[in-house]
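Given only the sequences and the hints, what does the whole structure look like? Please build it.
Each chain, written out:
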Amino acid sequence: MTDMQDQHIASAYDRDLEAIQALIMKMGGLVEDAITNAARALETRDDEMAEAVRRGDAAVDRLEEQINEEVARVIALRAPTARDLRVVLSVLKISSNLERIGDYAKNLAKRASVLTQMQPVGDSASTLRRMAQQVRAMLKDALDAYVQRDEALALDVRDRDVEVDQMYNNIFRAFITHMMEDPRNITACMHLHFIAKNTERMGDHVTSIADQVVYLTTGSMPDESRQKKDRTPFETHGAVR
Amino acid sequence: MNDMRITERAVDLSETKISARNVQVFYGDTHAIKDVSVDIADKTVTAFIGPSGCGKSTFLRCINRMNDTIDTARVTGDILIDGEDIYDRRVDPVQLRAKVGMVFQKPNPFPKSIYDNVAYGPRIHGLARNKVELDEIVERSLRRGAIWDEVKDRLDAPGTGLSGGQQQRLCIARAVATEPEILLMDEPCSALDPIATAQVEELIDELRRNYSVVIVTHSMQQAARVSQKTAFFHLGHLVEYGETGQIFTTPRDPRTESYITGRIG
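Same order as they appear, the protein sequences are chains A and B. Numbering of the first sequence is given in UniProt numbering, commencing with residue 1 and proceeding in unit increments. Numbering of the second sequence is given in UniProt numbering, commencing with residue 1 and proceeding in unit increments.
Since the hints were made in silico from the structure, they are not lab data. Among these hints, one or two may not hold up.
[Said to hold, decoys possible] Pulled from the structure, derived: some chain B residues nowhere near chain A, Cβ distances all over 10 Å:
(1) THR16
(2) SER19
(3) ASP29
(4) ASP39
(5) ILE70
(6) GLU84
(7) LYS99
(8) ASN108
(9) SER113
(10) VAL151
(11) LYS152
(12) ASP156
(13) GLN221
[Claimed, not checked] Partial chain B-side listing against chain A, Cβ under 10 Å, derived:
(14) ILE195
(15) MET220
(16) ALA224
(17) ILE247
(18) THR250
(19) PRO251
(20) GLU257
(21) GLY262
(22) ARG263
C-beta atoms are modelled at their ideal positions from N, C-alpha and C, and glycine is treated no differently.
As structure tokens, this is what we get:
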């Protein structure tokens with residue numbers, strides 16, 4: 001017993017923990033696809049693809065329920081401690097984050113459907129797709145960091161959320177400009193702004209997943225030293241003097 | 001590390017009761033305890049955990065010099081209780097054991113009445129001047145052992161006629177009858193069913209108000225439930241010693257982690 005071992009004496013315990021983590025990966029895969037497809041549906045004005053994303057969210061919700069049940073069973077039957085405890089606690093939080101990201105993707109798809117009926121506003125759809133791609137790439141890395149217990153990669157994901165926040169700030173200003181230029185853009189811009197805001201929130205949930213990887217590997221949460229780059233609460237754009 | 005203690009488990013106010021310095025124990029050629037130094041707090045339950053043969057029971061038995069009774073055993077280093085070396089020549093082991101009570105794995109009531117089981121220690125140590133005082137000690141001890149209500153109407157019945165859980169609580173009552181300051185418990189629940197175990201654990205938590213309790217247990221869950229501090233022994237070493245919540249959530253030593261999570265090592 002001189003080194004840390006990976007295997008429990010009770011091998012069924014290992015199988016339980018692996019099964020739960022496999023469910024997280026499955027859920028993560030579905031959510032990654034939902035982000036990609038929702039953003040693509042928005043850019044290509046593809047109502048069918050948007051509809052598929054909306055229908056697909058039910059599977060994500062079912063996985064979250066299943067994970068909650070399995071985690072409750074492991075806690076009741078195995079009384080996990082130390083890093084085993086951190087595995088089940090982090091699984092609970094990550095599944096909740098993924099479920100929220102899935103909801104945002106579904107909402108993005110809904111608004112994409114509505115927007116197919118309206119005039120496009122500038123190149124906002126492609127900017128939003130880039131933002132969604134950034135979030136999706138961060139999610140992929142956060143989940144890879146989880147599987148590989150890679151603290152450095154998780155910290156990198158946290159840092160990259162700053163870029164998402166900056167993209168949101170820029171697009172926020174662009175929408176204001178579009179709306180000031182032509183009030184007929186307002187309805188579309190309101191929908192587009194919600195899409196941008198929801199994508200920015202997805203980034204926050206991905207960051208939270210990365211935090212869980214740090215907690216899992218080190219036993220404590222990362223320092224809250226990251227600068228907040230969302231400046232929009234302070235924007236006035238000349239409207240208020 | 002974040003403070004994860006709930007107020008129930010707060011231990012910071014307790015003073016050191018037992019202080020061990022560089023303790024080594026040999027059984028003949030076998031080096032059973034290797035340079036263990038530890039401070040055990042007063043009014044606190046301290047659990048010793050570790051795999052079989054790790055030395056936790058051996059170390060426990062140093063605290064009331066039970067190892068003196070084994071011819072081949074040799075103890076070096078210092079063990080201080082309230083700052084006094086208990087291995088000093090002038091210390092009488094019998095007096096020491098009145099101050100440091102012990103409860104064993106198997107309930108071992110004397111083949112005497114319930115009353116006499118508890119009265120035995122106070123009698124030989126002359127703690128009661130008359131029958132009234134002795135009656136008081138017996139009742140107080142049985143109450144502290146959380147068994148008074150179950151036996152008060154049959155104090156003359158043999159202690160061996162009680163159930164296993166009751167016998168163990170009788171043994172705890174017997175141990176506290178000599179007004180000890182420290183209670184050592186060597187797997188006190190391993191022969192008991194879960195209900196009797198829960199009753200003894202509840203009792204241990206109450207005893208904490210008056211005593212420094214040191215418990216050796218094979219059940220990690222029991223250590224987690226009853227103790228405020230946990231010490232993990234392995235191959236004669238004290239590997240890690242800390243607040244119980246910390247040991248069970250974020251142990252610092254990989255050997256502790258392997259053991260408490262049930263991994264092969």
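Hints violated by the structure (listed by number, smallest first): 13, 14
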